[in-house]
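Engineer: Residue numbers (this note's numbering), protein chains in the order written: chain A, 6 to 262; chain B, 2 to 479.
No lab work stands behind these hints, which were simulated from the structure alone. Keep in mind that this is a model prediction, so the values were computed, not measured. Positions of the beta carbon are idealized from the N, C-alpha and C atoms, including for glycine. A portion of the hints provided could be inaccurate.
To be verified - Covered, in the sense of this in silico footprint (three residues per stretch, anywhere, with C-beta under 8 Å from a C-beta of chain A), are these stretches of chain B:
id: 1; region: 415–427
id: 2; region: 434–443
Claimed, not checked - Residues of chain B clear of chain A, computed beta-carbon distances all greater than 12 Å:
id: 3; residue: Asp321
id: 4; residue: Met392
id: 5; residue: Lys452
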Amino acid sequence: MIRENARTLLEVRNLTAKVAGVEILKGISLTVRAGEVHAIMGPNGSGKSTFAKALAGHPAYEVTGGTASFDGKDLFAMPAEERARAGLFLGFQYPVEVPGVANSQFLRLAYNTVQGARGRDELDPLEFDDFVRERMKLLEMDPAFLDRSVNEGFSGGEKKRNEILQMALLEPRLAFLDETDSGLDIDALRIVAGGVNKLLTADNAVVLVTHYQRLLNYIVPDYVHVMDGGRIVKTGDKALALELESRGYDWLDKQAA
Amino acid sequence: MSAVLQNLIDQPYQHGFVTDIESETAPKGLSENTIRLISHKKGEPEWLLEFRLKAYRHWLTMTEPKWPNVTYPKIDFQDISYYSAPKAKKKLASMDEVDPELLRTFEKLGVPMHEQKALAGVAVDVIFDSVSVTTTYKKKLADVGVIFCAMSEAVRDHPELVKKYLGTVVPAGDNFYAALNSAVFTDGSFCYIPKGVKCPMELSTYFRINTESSGQFERTLIVAEEGAYVSYLEGCTAPQFDTNPLHAAVVELITLDRAEIKYSTVQNWYAGDENGKGGIYNFVTKSGLCKGVNSKISWTQVETGSAITWKYPSCVLQGDNSTGEFYSVALTNHMQQADTGTKMIHLGKNTRSRIISKGISAGRSNNSYRGLVQIGPRADGARNYSQCDSMLIGDKCGANTFPYIRVQNNTAKVEHEASTSKIGEDQLFYFQSRGVDMEQAVSMIINGFVKDVFTQLPMEFAVEAGRLLGLKLEGSVG
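For reference, chain B alone in the conformation it holds in the complex:
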């Protein structure tokens, strides 16, 4: 691999600053007392404390999954602080009251929270070290009956909804990290779209980990009632630390009859340096339940950050004629490792799913697609189409595809296609010999490669994601 390609990938991480905000951080370590402390700090009702303790006790019986195609030193779960909150006790009524230092952080992150956001029509819920700082546009959403707030607020103001749905898609015992999250989650977003309402704006959450060695365990729950629709965007960044903060989030989506949720993520957690020092360990459980007939859940993810990504946004297609979609671009560079994909569980009749996965590996990174397509015995006429493409940049990286297909109904139709390609010297020289420089060449080749996924992203996000891929790959080619 030539030097120019290398320079292209080696662009320094741009969100690697730490914001100097006084924060309140719990001592390291995990026990029932830690959980009681979190619950108490948040003034939670008894049922939620019970939910946490039950999850914790279950977690104690579980072991970390060993099957992902990633390697990392053993995580010491007692060496993590499970609660960190910016010290700002006063309730904030408007943006003017937000700590200016925090606002500057968001400016650096490119999250415009001020009035210009009104023009963009985006409502933002900001999670800073697991605590929701502010939710904009709550009023406008409330007018149409949409609830969009921090999980802790939802627990306080809408306990009946949270109690009804929390843990119904991702039960506490789903997996090791989901159990951990259920025990210690500190905040997250809650979103409820009532019957027949099409959410008038795209909802957006920005997550950021700011404190070294604090874990982030946010929990998101989105419920779309009959005929409702919402498009939800999630962005993630973290400052640069030599240690490996743990991120173990849970996202649950539920659609009732004819409802649709479109969930888009651009993940740019700090990925560690070129020798693999530092970087976020990202162990995330995301699952959607198409509970009602003719409902639809669509996941789109652009994963560019984290030292380790372990993530399988899934759809359980329970309602007849329901549809699940998964569109993914996962980019790994330097020493990053990603094991990501999806699960499509077909239970209802005539359920459909579509998987488009694009993996890009550069540097010495390792990028695996892992996906399950399961057709249950009652899923007559179910159909799945999967396409998994890998692109290699340079000759020291790896790409793998692990498709699992389980079919228990002989009327089902399942298709799987896979390809591997490589950006080579000859391809780049071809562009150069036509006057096009290497950066533009790589950008055009990569954009061509990820096109089918990017068209699924909301416009604003697609632009950001395109820029991000360019940045992440700067220096990797040549």
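With the rest of the complex left out, here is chain A:
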């Protein structure tokens, strides 16, 4: 929901970034305020995932220029874990598997670390167990996932639910969800999108990186941005996503030319 005078959560100016020596982001600017839903669309290789990972602080993504402030703080001055503690969340497109580490243990460590950083009480294993089971209901997840190793042997859809479960536990100020909809069947999409919607408040915001308009039927964006060649080439409202779906990305190139 767009509101006048809403607090600015993220302010990115002219961001450029390299991966393995190749410049992928060529000057991105984006402002996200509390209460807003943004969608970033665009063809493969346009730099969407790179943008999300560079903001979250992945070591392989080298920021070469521009600025980003998160809740008034210099994002690039913080190591990745501090960005997370400050309330930035990245929902991974391909969540990694961590064999041998129980999901419940991982979730509790993450939860308590972030709670601690916010000056809130940590939960002991029993308290946490109650709490996480409650949150899993939101995503219709089987509690058996707590005892399994982190993401190990999870299906694509199960991994994505586990990502949103983490979002539900950490309660970020700003969540970047990188292709959370890919790999989900229709029912799972509805459940996961419903979960995200329930987590949205006037104080937080979400940026959806997606290829498909169908996710936006469930989580309605206030802004739709189109990325191409490492830049945001067009910004519009929900109607832009529909137009992209019917016309593809080519007409934008022509328009730009």
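Following the hints, put chain B in place on chain A, whose structure we already have.
Structural biologist: Here is chain B on its own, set in the frame of chain A:
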């Protein structure tokens, strides 16, 4: 590999101090005269001198094993001093009489030998440069008939037991290093649990090499009579030297009917610096004989130190229904090399063995698992399960698995599983993106990896071992 990961591994060695205690060290070199000197110094009976000389003569005919997956310059066995003892001739009756400098050493090592140890219920036998300094709680153990003392004392006070069992599990000719040990061993621990006795406390030995270029050749013998039980802990550290002291120990375990020995080791000998300078050469022979029916021997080892580790704690399952277990975590960093594993020799009927090996390689180190499972022709219904997992940290280290399986009985069932995984940038970033810093992430991943082994360690040891892994890996990730 990023800088943070590197910093994590590069934690300096914390036990690298030398204690300034006057010690009595034999001149370098090995000959029959050296052996006679050791035997004489220790006031040994004739039969033991004969045992040593026989082993020495056999050793002269042997050559160093070349099959391990490790490389090192040729060891000059004449450039080693085979005997070094702290100069404290007087017999010590209580802890108060122990050299305070030595006590400070143990404090630095984190070996609390004073009364607080009573609360922990641990009896400690301390081997300092091959000579046993003191054994605590001997009295309490004596009340239940448990003998726990230095090998040299056992030779003096219980010669019939030592003579009966010494060299019966690891014969002098077992291998090159066992032969060397049999010839020159200076001290070690002896432990005897009589029939039906469950040892009332965990027994613990701390080994430490303090003198540069002295070898350490301790010898441990544990005998559990029918129905007896003992849990034995062994810890090892050494100060930091640029040279490569040799450690060639022998450990022999024997269980009679229904007896059980649980032997746990945390080995943290000095591993050398990050370029491979210095560090202990650790060539150790450990073997257990399940002689009686329904008996059990369980080895648990956490190997984190030494420039070279060559060690295969084994079980000979002779008694019907006997069980052998081997749980191992071997961590190598920088230029360390480990070639370690086990041998499970099934001779009796319905014998069982279980092998869980976890290798962690970081830096430019090389870590190999080598294990033999042998099922003899009479071992009807024998079963083995082996699981060998390797974890790589960074991209300059190596991990290998060499399983040998020999089955001569078609009713046997042998299973082997192996896996290799890697702590990668993406895994660590996943934790970081959830607010968890890299140290904690590595620690959680490693702890998850070694969980199945650590649950086998006595509680006190598990905590220490967990801390040790964290320290050893500090700086290796990132």
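Engineer: Can you take a look at whether the region 415–427 of chain B is actually covered by chain A? Rule is 3+ residues, C-beta closer than 8 Å.
Structural biologist: holds (count 4)
Engineer: Can we trust that B:Lys452 is non-interface, i.e. its beta-carbon lies farther than 12 Å from all of chain A?
Structural biologist: The assertion about B:Lys452 is violated, with a minimum of 6 Å to chain A.
Engineer: Counting residues of the region 434–443 of chain B with a beta carbon closer than 8 Å to any beta carbon of chain A, are there 3 or more?
Structural biologist: holds (count 7)
Engineer: Say whether it holds or is violated: B:Met392 keeps its Cβ farther than 12 Å from all Cβ of chain A.
Structural biologist: violated (9 Å)
Engineer: Is the claim that B:Asp321 lies outside the interface with chain A correct, judged by CB distances over 12 Å?
Structural biologist: holds (36 Å)
Violated hints, in rising order: 4, 5; the structure is consistent with all others.
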